[in-house]
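J.: So the chains spell out like this:
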Amino acid sequence: MPVHPLPIRVFHWLNAFAMTCMATSGWAIYNASPLFGFTFPAWATLGGWLGGAVAWHFAAMWLLAGNGLFYLAYGLASGHFRRRFLPLSPSGIMTDLLAALKFRLPHEAGTYNAVQRLLYILVLLLGVLAVASGLAIWKPVQLWWLSAAFGDFATARYVHFLAMAGIVGFVAVHLILVVLVPRSLLPMLTGRHSSSHEVSS
Amino acid sequence: MTTPRRRSQQDLSVHKRQVENLQRRLLLKEMLSLGALGMLAGCDLQDGDAVDKVLWTMSRWNDRVQAKLFSRTRLAPTYEASRITRPFPFNAFYPEYDAPDIDGAAFRLQLSGKIDDKRAWTLADLRALPQSGQITRHICIEGWSAIGEWRGVAFRTFLERIGADMTARYVGFKCADKYYSSLDMETAMHPQTLLALDFGADPLPAEYGFPLKLRVPTKLGFKNPKHIAEIFVTNDYPGGYWEDQGYNWFSGV
Ligand code: HEM
Numbered sequence: 001m002p003v004h005p006l007p008i009r010v011f012h013w014l015n016a017f018a019m020t021c022m023a024t025s026g027w028a029i030y031n032a033s034p035l036f037g038f039t040f041p042a043w044a045t046l047g048g049w050l051g052g053a054v055a056w057h058f059a060a061m062w063l064l065a066g067n068g069l070f071y072l073a074y075g076l077a078s079g080h081f082r083r084r085f086l087p088l089s090p091s092g093i094m095t096d097l098l099a100a101l102k103f104r105l106p107h108e109a110g111t112y113n114a115v116q117r118l119l120y121i122l123v124l125l126l127g128v129l130a131v132a133s134g135l136a137i138w139k140p141v142q143l144w145w146l147s148a149a150f151g152d153f154a155t156a157r158y159v160h161f162l163a164m165a166g167i168v169g170f171v172a173v174h175l176i177l178v179v180l181v182p183r184s185l186l187p188m189l190t191g192r193h194s195s196s197h198e199v200s201s
Numbered sequence: 001m002t003t004p005r006r007r008s009q010q011d012l013s014v015h016k017r018q019v020e021n022l023q024r025r026l027l028l029k030e031m032l033s034l035g036a037l038g039m040l041a042g043c044d045l046q047d048g049d050a051v052d053k054v055l056w057t058m059s060r061w062n063d064r065v066q067a068k069l070f071s072r073t074r075l076a077p078t079y080e081a082s083r084i085t086r087p088f089p090f091n092a093f094y095p096e097y098d099a100p101d102i103d104g105a106a107f108r109l110q111l112s113g114k115i116d117d118k119r120a121w122t123l124a125d126l127r128a129l130p131q132s133g134q135i136t137r138h139i140c141i142e143g144w145s146a147i148g149e150w151r152g153v154a155f156r157t158f159l160e161r162i163g164a165d166m167t168a169r170y171v172g173f174k175c176a177d178k179y180y181s182s183l184d185m186e187t188a189m190h191p192q193t194l195l196a197l198d199f200g201a202d203p204l205p206a207e208y209g210f211p212l213k214l215r216v217p218t219k220l221g222f223k224n225p226k227h228i229a230e231i232f233v234t235n236d237y238p239g240g241y242w243e244d245q246g247y248n249w250f251s252g253v
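Order-wise, the sequence lines are chains G and F.
Per the UniProt record's numbering, the very first residue in the first sequence carries number 1; after that it's consecutive.
Per the UniProt record's numbering, the very first residue in the second sequence carries number 1; after that it's consecutive.
Chain G with its partners taken away, still in its complex shape:
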């Protein structure tokens, strides 16, 4: 039994690519009319100009949403979500959070501690929120009810931005942890433990 089954690895890397396209093209769109008092550096944006960025955003969204739907269907149907993300209790989160802050939380490939479970569930919900608010600002007339669920077009735009910020924040922590625990990277590529840990698995 691999640490990460093949479908999960495929979903993960397709999502990483799609999310990177969506965020960096989104930053270029944001720069055309910033919501806050800052802009993103041009080197971090995708598309070259507004038209290119919008084209990237509306091309990669199909990959993001299609991949996301298959992932959710797989996760629910195969029991992957139940096995990996549950059970989740407030006390478990507190215990593991304290341990993590003292750097005493062990990393076991394929088993997530309570803090990881919580973060993975939250970022999944943020992904759903980014897609829903994205659809609400893409089609504020045809999907007016979705837009209305976020207030109106203008407020949905803020929600969309905040969903992006939450996802990018998660990715930052996620990448720092991979740097701190480099042996967690290989299983997500090959599905298996790195050889030095093969014995213990």
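Possibly wrong hints are sitting among the right ones.
Unchecked claim - Listed next, the in silico EDC-like pairs over lysine to aspartate or glutamate satisfying Cα-Cα at most 20 Å (straight line):
1. G:K139 - F:D98
2. G:K139 - F:D63
3. F:K114 - F:D101
4. G:K139 - F:E142
5. G:K139 - F:E186
6. F:K118 - F:E207
7. F:K174 - F:D244
8. F:K118 - F:E160
9. F:K178 - F:D101
10. F:K174 - F:D98
11. F:K178 - F:E207
12. F:K114 - F:E230
Unchecked claim - Stretches of chain F that chain G covers, calculated by requiring three or more beta carbons in the stretch to come under 8 Å of a beta carbon on chain G:
13. 67-80
14. 170-183
It is worth saying that the hints were derived from the structure and are not from the lab.
Note that the Cβ used here is the ideal one computed from N, Cα and C, for glycine as well.
Given the coordinates of chain G, work out where chain F with the ligand should sit on it, guided by the hints.
T.: Structure of chain F with the ligand alone, referenced to chain G:
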């Protein structure tokens, strides 16, 4: 001419395969190093490379999806007068002081293409048609939006009056500022699509499109041409100023 060309093509195909293999390996490496985006970032719809072709293809696909999503009867939300954005933003591909200066008395709206009665229209003729209006949100592709009030002739009424071929696919617009754009016939006939003469209670000022603007609350702002000089009906894709550079053609909201 043909032989050397064919030989060089064969040479090329071998090279191409090698380059492709190399590219594939490089691509894999790039993906792993998360540097892939640095490579893709230059693809901007402007230089016709492979990635640009994918982006253009996806944009045509998005045209089709949006035409399916579009409902002829679904109305854009309308607002109370108190919600109108003041001052309303100016936006064009040139600065405000370059907005064309048009003599309303001499103005004639030209008609061409699949239209029965191509007689040119004066502003007085247009004002003699039934007038209506709405307060709706103008949404720019840049992301900002603003609420404004436009009044004028329901565009469908106008198309009927001039005997436009309503089975044609496109309605095109040529503007006095060299701008041009086009709409699908479905959107042109939407009940809120308006051949606007007034902004609020007054004739359109120069910066908002005097003397004629098409107000389409079911499209992004750049599909709302200002300073319209000519309207035509056609089955040949007319494109548009921004559309030809890569903005999505349908751009419905
Ligand atoms: C199906 C999914 C999505 C759809 C339909 C969507 C749609 C949109 C639309 C319509 C805009 C405004 C474009 C414009 O103003 O011309 C936008 C902007 C943006 N998107 Fe998305 N989006 C999606 C997913 C995402 C994701 C996953 C992210 C980030 C991880 C993201 C980040 C952004 C950002 C940062 C902006 C600029 C915000 C602004 O200033 O308005 N989007 N998106």
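J.: Now look at each hint and say whether the structure bears it out.
T.: For each hint, the structure was consulted:
1. For the given pair, K139 of chain G sits about 32 Å from D98 of chain F by alpha-carbon distance, which is inconsistent with the 20 Å threshold.
2. With a C-alpha separation of about 13 Å, the suggested pairing of K139 of chain G with D63 of chain F holds against the 20 Å cut-off.
3. Taking the CA atoms of K114 of chain F and D101 of chain F, the gap is near 30 Å; set against the 20 Å cutoff, the hint is violated.
4. At roughly 15 Å between alpha-carbon atoms, K139 of chain G and E142 of chain F fall within 20 Å of each other, so this suggested pair holds.
5. Proposed proximity of K139 of chain G and E186 of chain F is supported: the alpha carbons are some 17 Å apart, at most 20 Å.
6. For the given pair, K118 of chain F sits about 28 Å from E207 of chain F by alpha-carbon distance, which is inconsistent with the 20 Å threshold.
7. At most 20 Å may separate the alpha-carbon atoms for a hinted pair to count; K174 of chain F and D244 of chain F meet this at roughly 14 Å.
8. In summary, the hint linking K118 of chain F to E160 of chain F is supported, as the alpha carbons are separated by about 12 Å, within the 20 Å threshold.
9. For the given pair, K178 of chain F sits about 13 Å from D101 of chain F by alpha-carbon distance, which is consistent with the 20 Å threshold.
10. Only pairs whose Cα atoms come within 20 Å are accepted, and K174 of chain F paired with D98 of chain F is accepted, the gap being roughly 17 Å.
11. Proximity of K178 of chain F to E207 of chain F is assessed by CA-CA distance (about 15 Å); at most 20 Å being required, the pair is judged to hold.
12. Distance hint between K114 of chain F and E230 of chain F is fulfilled; the C-alpha atoms sit about 13 Å from each other, no more than 20 Å.
13. Chain G is given as covering the segment 67-80 of chain F, and this holds because 7 residues of the stretch bring a CB closer than 8 Å to a CB of that chain, at least three being needed.
14. Counting residues of the segment 170-183 of chain F whose CB lies closer than 8 Å to any CB of chain G gives 0, so the stated coverage by that chain is violated, three being the minimum.
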